[in-house]
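Participant: Chain residues, written in single-letter form:
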Amino acid sequence: MNPTTLIQLFVFLLAGFVGFQTISRIPPLLHTPLMAATNAMSGISLVASLVLAGAHDGLLATVLGTVAVACAMANVVGGFLITDRMLAMFKRAGADKMEGAVGVAAE
Amino acid sequence: MRDTLIQIAYLLAAFLFLVALRALGKPDTARRGMQLAAFGMAVGIAATLLNARIVSYEWILIGSVIGAVAGYPLGKWVPMTAMPQRIALSHALGALAATVVGVGEYCNGLSAGELGRGHVVALGFEVLLGGLTVTGSLMAFGKLQEILPGRPLTFLGQNAFNLTILAIGVASLVWLVIDPSNVVVAGVMLAISLAVGVLLVLPIGGADMPVVVSLLNSYAGLAAVATGFAIDNNILIIVGALDGLSGFILSVAMSKAMNRSFSNVLFGAFGSAAVVEAAGPSTAGGEMMSITAEDAALRMAYAEKVVVVPGYGLAVAQAQHQARELADLIEKRGGDVRFAIHPVAGRMPGHMNVLLAEAGVPYVKLVDMEDINEKFAETDVVLVVGANDVVNPAAKTNPKSPIYGMPILRVAEARSVIALKRGRGAGFSGVENDLFVDPRTSMLFGDAKQSLITLGLEVKNA
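Going down the list, the sequences are from chains R and X.
Yeah, the first sequence ends on 107 if you go by the numbering used here, and it's all consecutive.
Yeah, the second sequence ends on 462 if you go by the numbering used here, and it's all consecutive.
Bound conformation, chain R alone:
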């Protein structure tokens, strides 16, 4: 096993640990936005597909890369948009009854 792989395993381990701690604290209230959010973030696989599509490694590789770019980009654009749309719906109080919000805050 070469040293790079070893370092990558460290990164994987630590990211997993931090992720577990962070994600466990997200309340069930926001589990659907969480799934949409991780989906959007996983679009970072663009870093791999962009290189494949842009490097001239033969037609097959370029076409496959382009397909991957399209898929990942759809997840990035769609994922961030829908997460934002959902999160915008979670309001502390309905806009038309702000006195209710005061009652809740006083609780």
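Hints may be right or wrong, so weigh each one.
[Claimed, not checked] Just so you have them, the derived chain X footprint on chain R, three or more residues with Cβ under 8 Å:
(1) 1-15
(2) 47-59
(3) 77-83
The set of hints was computed from the structure by calculation and includes no laboratory data.
Glycine residues also receive a C-beta, built at the ideal position from the N, C-alpha and C atoms.
Since the structure of chain R is provided, determine the placement of chain X on it from the hints.
Facilitator: Coordinates of chain X only, in the frame set by chain R:
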């Protein structure tokens, strides 16, 4: 220098993603957090474009435009009720990207003649996990969208067959590691991974979909991790690990809430509920007592504390808005209304919260199961709308019941219960519900949406 710059950009992106996940812990901070994550994504993508391996941009541009055009409606136009299938679809897209990159990198390595063992291990996992996630998610999408039949499709020896196929897939991965340039084995592995995805989801019914969608989320994340190892990219490893873990945490939460073990969902105890059904006659016996809408409305109008328990039936009837209007009317009269959300109330983790938030219910009114369960004893009226198993006391009291042990909303502790129900028959799962024959429970029969509208009118007039 350029490489260092790219890596620093990735570091920043990874940091911003973690900040965003941290911010998702609270509804107040979540939105701002995700905007930071989007910025991080933009930085990451821009940095990647500087990569020295990229020699031309026209294909990148084509792919990006297609993706953006496809992604926009996926983000803006999909209705909230369709969220589960939309998420399943995007798992398929993400996994397809990983799989295709895996195949592409393999072809590159093959033609350059430089396929190392470690490289092939990573690529193999990438394709294996990616492939099964693609077809599995498409199957889940089809079932949720009702293009495919939602009922479980089973055949004799299914588990043995699936495990054999999976074993062949793993064996071909091992073979490929020993003999990296064997294209036939690589092809077999790809085909098998695609087949496994279909076979995996085939026997799973609509009600178990939340677990499957979460699990596929996890696989998609792991495929991204494998991609990261294959192309030596730390940010992919980090994001993949976050994605995979989040999916895993959600699937565990979902299986717990459904009283299923993981293996139980995956290896076909589906329909076993129907087998046990004959056992455990309801302990309470007795008759359901019906109530008129007028009386029910009076009781709610003068109640101090009301808890609404929405079930999947509410979402099916598209009655979220009516439920919210009813709650508003009761609150206007001075009552306090909360919504009790069981983890599997919708078709995916947290789905019911989104549906109610969309209808305009403030999130402070949406209370998780653990928190609301302590409050039922001091609740005057519980209104059960289209929920059945998640409020069935048999889960606590009747060891013979198929749902015994499932965490439930302890509605039976409330002073009185009004249940909206279509008819007198047993619910979707076929399990008798003792709650409905409890002396403190009154039944209001009829269509959920219509009943809620009538209740609203009566409360207004009360």
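Participant: Each hint should be assessed against the structure and marked as holding or not.
Facilitator: Outcome of the hint check:
1. 1-15: holds (count 8)
2. 47-59: Result for this restraint: holds, n = 12.
3. 77-83: holds (count 7)
Checked against the numbered hints above, the structure breaks none of them.
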